[in-house]
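Engineer: Listed here are the chains, written in short residue letters.
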Amino acid sequence: MTDFGTSPDDVQFRFRDDGVADHGTVTVDACCDQTNATAVRIEPSDDARVLLPFLDRLALVEVHFPTFGDGRGYSAARILREAGYEGELRAVGDVLIDQLSHMRRCGFDSFAPDKSLDEEDAKRAFAQWDNVYQSAADARKTIAELRHE
Amino acid sequence: MYQYDQYDQAMVDARVEEFRDQAQRRLDGKLTEDQFKPLRLMNGLYLQLHAYMLRVAIPYGTLNSRQMTALADIADKYDRGYGHFTTRQNLQYNWIKLEDAADILADLSKVEMHAIQTSGNCIRNISSDHFAGAAHDELIDPRPYAELLRQWSSFHPEFTYLPRKFKIAVIAADTDRAAMRLHDIGIQIVEQNGEVGASFYVGGGMGRTPMIAPQIREFVPLDQLVTYAEACLRVYNRYGRRDNKYKARIKILVHEMGAEEYTRQVEEEFAHLLDQGVEPPLAELERIKPFFADPPFEDGPKSVDRSDPDFALWVDRNTVRHKHDSYVSAVISLKPVGGIPGDATGDQMRLMAKLAKQYSFDELRVMHTQNIVLPHVKIADLHALWTALEAADLGAPNLDTIEDIIACPGLDYCALANARSIPLSQRISESFAKSGRTAELGQLKLKISGCINACGHHHAGHIGILGVDKKGKENYQLSLGGSEAEDVSLAKITGPGFDEDGVIKAVETVTDVYLETREDGERFLDTYRRIGMAPFKEALYD
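Listed in order, the protein sequences are those of chains A and B. Under the numbering used here, the first residue of the first sequence carries the number 172, and numbering increases by one thereafter. Under the numbering used here, the first residue of the second sequence carries the number 25, and numbering increases by one thereafter.
I should point out that these hints are in silico values taken from the structure, not numbers from a laboratory. Hints may contain errors.
Said to hold, decoys possible - Each computed EDC-like pair below joins lysine to aspartate or glutamate, with the alpha-carbon atoms no more than 20 angstroms apart:
1. B:K54 x A:D285
2. B:K402 x B:D334
3. B:K54 x A:E257
4. A:K294 x A:E257
5. B:K378 x B:D97
6. A:K294 x B:D45
7. A:K312 x B:D367
8. A:K312 x B:D299
9. A:K294 x B:E42
10. B:K269 x A:D241
11. A:K294 x B:D334
12. B:K61 x A:D189
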């Protein structure tokens, strides 16, 4: 099964300079079997770690949020970034304004919400936190680090 | 105690503005109620039976007089002149209007307070030993570690949409005054070979499936504390059940997976995370510690004039040994006979604030048993303190007695409740006060929950009462033998439930059995453990 993912047109926010990946997106299972897949879609119950051997060939990982309250995708995103994945990490599905800043911190750098979001609200949301308490995937200095510089 | 710096203050201020924006978007119809609900919950705002309830975080139960006064002012300005101290060491207002919520949060932020993460499927306010920094038996003050975890858990980007709520308690004494092993994570700060570290217990909880947390790691070095907690949470976030909200707490995951397998996965994640640099610099812990340094204690009298028997009784019942022998920790009971457990009026809160400033180095604590502590009171000042408390109906001498009942808000307020808790606790305390048996019974922890969610900790009561709905009628199940302390155990149900009058009678019956069969020095709980359920059952049902 291929190309059931989002199209580049669905991407509303993107924080990358490279061209938008437009590949046939496959399931995690298919990605593990198919040596040429370059785009994959993670469902909440998938183990992101099975993708680690293939990160080099992946240009796009979509993480699907069927409902915004299912937070497994945040861990999936961080796990991929911690493993050194540098390609596009796209949050897709029930992606809402009030989850954007945390998603960004977990390593998402593109967003394809089911329902297009208000641009102004989103802008404010991405800029919500001047500082952060935790170290995450975004390499921002934490408050503790700033205190002890 | 801890004071915000510009970063902490900016975080709380940013959150107030974020919530104002969210509330506005809700009003503008940009957010559905389903989308708004978790956002307001994460700012402490619940919809109850009659109105919104706002739950204010009191980190590790510690606050100063300025904060207590601000809580009193909010009670007067936005509520009906009182607040309710909870089993999570927090404060709830029961009559809040949604349109006032952002203003209340702004008022709170002026005194370094907030309602962040007091609800919702996220890491909740961190609780701790209410005698921290004062207890004679503690290894070290646990609050710096709790504060470190407070910062880590606030607005955590990965753990804001967990399968279910998540509660952490930190203690540092072998005596457990925080129900540590009935938390999702219980941490005991311990010493091993001269080094201080943390023991982790994971997967405890009450609710409909009570569990005692197993120890999963005996010793985590302090410079890995946050990393270990992060590993515990990540395994839960990834594998905790999301198909059924009643099976979504971490206790179910640990139980179903087995503590050994859960531990293995945590250790694997931990080993991985150690390389990721998620631990705050150790210097941060060192920065936090001096905020909790001892106040300047002075030597003074070590005993009181016992000529007034009422005062002597209060001293015996409501004061607790302090690490400095000229001081005690004094407990202000919020359990006047016939009163509502944990409630305090605005005036009472202001008085407690004033007394804290006068007699306790400007510090107060909220106990999980819904009382207030003045942690550092000079023995020489006790009479003056007691006199002031008595005058404000705050001098009930009943700490840890059968009158010191924990009760959830129950059907008088709560949308989840099946039965009322408050009137029952009022009637029980009145009945025992009237018969004069309170003293005879000694330590007896009675805990009442108005539904299976167990906010009133009934599983951990020496005597527990659970309100259920039986064909449209309130019915109460009695259980015996629970403890939230270091001798932690879960109470067992005696048998069929009772109506309201019946359960009051049943409580009297089981205390009769205790008084008839106790041996020297035994508490109710000890007698129950020695003789078992059978004699109690016999007296109740035969």
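Engineer: I'd like to know which numbered hints this structure contradicts. Please list them from smallest to largest.
Structural biologist: 3, 4, 7, 11 and 12
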